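Here the protein sequences come in this chain order: A and B. Per our numbering, the first sequence runs over residues 3 to 142. Per our numbering, the second sequence runs over residues 570 to 693.
Everything labelled a hint here was simulated from the structure, so no lab data went into it. Small disclaimer: the values here were computed from a predicted structure and weren't measured. Just so it is clear, CB atoms sit at the ideal spot from N, CA and C, and this is done for glycine as well. Be careful, since some hints might not be right.
Said to hold, decoys possible - Some chain B residues close to chain A (C-beta under 10 angstroms, calculated; not the full set):
| hint | residue |
| --- | --- |
| 1 | M570 |
| 2 | P618 |
| 3 | T621 |
| 4 | G630 |
| 5 | L640 |
| 6 | S651 |
| 7 | R656 |
| 8 | S683 |
| 9 | L686 |
| 10 | A689 |
Said to hold, decoys possible - To spell it out: a stretch of chain B is covered by chain A in this simulated footprint if at least three of its residues, at any positions, have a beta carbon under 8 angstroms from a beta carbon of chain A; those stretches are:
| hint | stretch |
| --- | --- |
| 11 | 574–584 |
| 12 | 591–597 |
| 13 | 603–616 |
| 14 | 660–671 |
Unchecked claim - Cβ pair distances, simulated, as ranges:
| hint | chain 1 | residue 1 | chain 2 | residue 2 | range |
| --- | --- | --- | --- | --- | --- |
| 15 | A | L65 | B | L664 | 21 to 29 angstroms |
| 16 | A | I18 | B | V616 | 15 to 23 angstroms |
| 17 | B | P626 | A | G71 | 41 to 49 angstroms |
| 18 | A | G141 | B | S613 | 22 to 30 angstroms |
| 19 | B | A625 | A | L8 | 33 to 41 angstroms |
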Amino acid sequence: MHPFVLAAIGGVLIGISAVLLMMLSGRIAGISGIVGGLLPPAPAPDRSWRLAFVLGLIGAPALLRAVTGDAHIGAPTVGMPMLVVAGLLVGIGTALGSGCTSGHGICGISRLSPRSIIAVLVFMATGIATVFVTRHVIGA
Amino acid sequence: MIQGFLDIAGAWNPALIFVMAGGVAVTFLGYRFLVPKSRPLWASNFVLPKATRIDAPLLAGAAIFGIGWGLAGYCPGPAVVSLASGRTGVFVFVLSMLAGMMLVRWMRGASRASMSLRAAEEKL
């Protein structure tokens, strides 16, 4: 199957997940928020649906791996130090900015939220700039 | 796939556009036509973001997130999903991400506490 078709199917599945969560539980399927609400200090009181969602996220590929022997997940493309830096920035950025690609990108845009549309434009811009610098300026 | 999409000056891979398009199309239509207006089916009420202002934390946070995303190609969802692969690097990323989130949450809590302390002091 063409990679773009696979990509679109993946997106459709994400969309179905977001619609289901809103229809059934009345919530935004924003992963940074769902995960963030599980964390100290002051974790959100509504833990069970968050845990269920995260278990689903990990459980589906884990099931695939159990059944087929392969989770079909690629390896990280950068080394450990960079993964630490990137992880910290993603954690800080999504907490500060109240969302990520699922919360702002999928759900926020679908709600026509000006905050989300702006957030997406900003993180796309800095993402593109970062890859430009690391690949073409530094040559990493 | 992510860094391929973000590499507009190099080997550009537009696949992420198809992910976003598929996702937004379904979510937009589903939110509009499938989600009940009064209340969700299994919960008593909707829990939706109340903020409307485009403020500094939103802009700064998005900018910082984008840098992290460009550096390793992971955002929170795919990172959590990738834990199923068992790869050490994914755990390193996710633990760092949780640390970053907790740092911001802790600082927010500290700033709220000092604000309510000041508000209480002003009342006295």
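If you check each hint against the structure, which ones fail? Hint check: 8, 9, 10, 18 fail, others pass.
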